[in-house]
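There are 2 protein chains.
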Amino acid sequence: MENFNFYSPTEFVFGQNRENEAGFYVKKYGGTKVLLHYGASSAKKSGLLDRVIQSLTKENISFVELGGVQPNPHDSLVYKGIELCRKENVDFILAIGGGSSIDSAKAIAIGVPYDGDFWDFYSGKSPKKALPIGTILTIAAAGSEGSGDSVITKEDGMLKRGTGGDCLRPKFSILNPQLTCTLPAYQTACGATDIMAHIFERYFTNTPEVEVTDRLCEGLLMTMIKETPRVIVDPNNYQARANIMWAGMVAHNNIVGVGREQDWNSHGIEHELSALYDCAHGAGLAVIMPAWMEFVMHHDVMRFAQVATRVWGCKMNFANPEVTAKEGIVRFRQFLKSIGMPINFAELGAKESDIPQLVKTFGIGDGTTGGFVHLSAKDIQSIYEIAAKATL
Amino acid sequence: MENFNFYSPTEFVFGQNRENEAGFYVKKYGGTKVLLHYGASSAKKSGLLDRVIQSLTKENISFVELGGVQPNPHDSLVYKGIELCRKENVDFILAIGGGSSIDSAKAIAIGVPYDGDFWDFYSGKSPKKALPIGTILTIAAAGSEGSGDSVITKEDGMLKRGTGGDCLRPKFSILNPQLTCTLPAYQTACGATDIMAHIFERYFTNTPEVEVTDRLCEGLLMTMIKETPRVIVDPNNYQARANIMWAGMVAHNNIVGVGREQDWNSHGIEHELSALYDCAHGAGLAVIMPAWMEFVMHHDVMRFAQVATRVWGCKMNFANPEVTAKEGIVRFRQFLKSIGMPINFAELGAKESDIPQLVKTFGIGDGTTGGFVHLSAKDIQSIYEIAAKATL
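The listed protein sequences correspond, in order, to chains F and B.
So the first sequence is residues 1 to 392, counted in this note's numbering.
So the second sequence is residues 1001 to 1392, counted in this note's numbering.
Think of the hints as simulated: they come from the structure by calculation, not from any bench.
Just so you know, even glycine gets a beta-carbon here, dropped at the ideal spot from N, CA and C.
Among the clues, some could well be false.
To be verified - If you want the footprint, here are the derived chain B segments under chain F, 3+ residues with CB under 8 Å:
1) 1003–1009
2) 1014–1021
3) 1222–1232
4) 1237–1243
5) 1356–1369
What the hints assert, rightly or not - With a Cα cut of at most 30 Å, we get these calculated DSSO-like pairs of lysine-lysine:
6) B:K1129 - B:K1027
7) F:K315 - B:K1128
8) F:K27 - F:K226
9) B:K1128 - F:K33
10) F:K27 - B:K1129
11) B:K1129 - F:K28
12) B:K1171 - F:K28
13) F:K128 - B:K1080
14) B:K1129 - F:K226
15) F:K45 - F:K128
16) B:K1171 - F:K129
17) B:K1087 - F:K171
18) B:K1033 - F:K129
19) B:K1080 - F:K129
20) B:K1080 - B:K1045
21) F:K154 - F:K360
22) B:K1125 - B:K1087
23) B:K1315 - F:K33
24) B:K1045 - F:K171
25) F:K315 - B:K1315
26) F:K28 - B:K1226
27) B:K1080 - F:K27
28) B:K1028 - F:K128
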């Protein structure tokens, strides 16, 4: 295990009807003038926004609104939000939605007190100061409610880039599983895939002797494998939604990823897909991650055999562990298919002929990535090619 | 799953040589005059105290010392600490040691800004204000480094009582597994038993649909079962020590216990043993917890069968799940014995003839406890009796 710091100061407010306490928590964490930042009209239609506003009003907290966050949130709305917050003297940002709303809120939060262009932080600069933010989560997926990370797409060139820092960790996050019950099955499955990917990105490591985080990761994966099909069949299953929602936070606040080298290449490779096709991040991951697994499996067959036996319930083939390792990847793809995810380019709506462009935008040039297996441009191309043609 | 709040704002500073950063972190969290609070002479002899003082001096932080914390820390030293802090205008308490030093530090921290007797907080009052504390952990056991809990023994009557509140959560906790390598095998095993007990106290619940926390608890238990024997055989096994140390924190900051009714009766029943005999808390738990399991098993045989199969690797007896459930408890006791723990009163140094006194001090009267199974005084007596006579 490697040395590490772990810091997750967010107060998680979990359970039924908790969004009615939004005003209490904004006040608790010092907010007096709030930017309500959200995405599609669903927050309005469902009455969620009204309940939140009522809760703020009860605490005499004033607010301004900025809706319209898109999936794979764009920089143009971030600039608009920064301007609005400055003009209105906003001192607290409350994101209502999923990872996109939260990531957009985080970008605004670092942009407001910064003199330069907020994109600097998405080009390598470390954020040190931000407006405080809170979140009300409406989809279990990105884990942004418990992380210090944010991913934004720059419209000029459709560059999808991330940043991270402790100042971006929400002061509080309200997680009410009820709010996720109205999600269509496809979005629910995309979220579940994203959560599983966050675990796998941590799981595949070269760091030896990480039993505790291995076991925690495996526990989360088994939870997702049990609970996801239940909500696909029965979207109103509160208990399954609740288990998934907490798993989604734990999977990404990094308590199960500390002290180990992590990978994150599948996320990077997927980002090019969702940036180019504006597809759901989770759907892109469903296509990319098993392909990445096939490509890198021989780097550590026993780790793949371990997850196959411990998580997917495969019988260990002691004579030929590779058989078990491969079986685990097949089970993963079968699982993704069973919850309605695409497993190849055609099902995702991506084109094999775009692969050269995807590799180019990935921008690795003559270098390699870091992580479990360091990937060259050629390797990345191979992974896209495996993903393009994948079948069961 | 039930509604809950989860808040764990402590910064964990984990790994080799991290105690040399103590001064940096005290300063980061606003300390200018520190009380160094520790137990036995080992912190002095090992050079740990010198390294911490050097680190404070480097940051121009002044300090006073109060050593002498005993296992099952007493109220008398707490009063001394409160007086010293007030006299010296201490604004930060740094605990060096295990759960005892940390719990004693927490008691001092709530006592200093309080006009009345600090014992009020151990008699039902909720602490709302405390001096900030930091910890440098030297044994993986109590989990106090990541919790808002504290347990103190009142010398008058040898009453062992606890309190808890967010203001008692450490600002930072330095966890260097190297510092635990010099622990004798017995203390190491006591610590491991305490960690496993913290998990079981959360695991046995009447709350349905808690797959995510079940799986996380099981992952931690499997980690302890793998890693503990390794450090008993090889005390200097840094990696096994590291896995145990992180498991100890995760087991007790409650991230694996949220949203579910918890038990904690074994802890209560054990507290009477360690208060009366001044035995190690972990050793007392090794005697009590399997006895408690035998007593309550029929309340939910399938939950006991679940842990037996998922954690202890028993084969499920589908015709008679009780057989599997019992096998899990036997495996637990075998495990405790294998790491050198006592499994009955004689091995612990307790007397069967004291049972009426233990039950009386427990103080349940005509009522019952809460938790997984509500226990009457008669039930508690039965558990002590099972524990007294236990064999393999």
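Violating hint indices (sorted, rising): 5, 7, 8, 13, 14, 15, 17, 19, 23, 24, 26, 27
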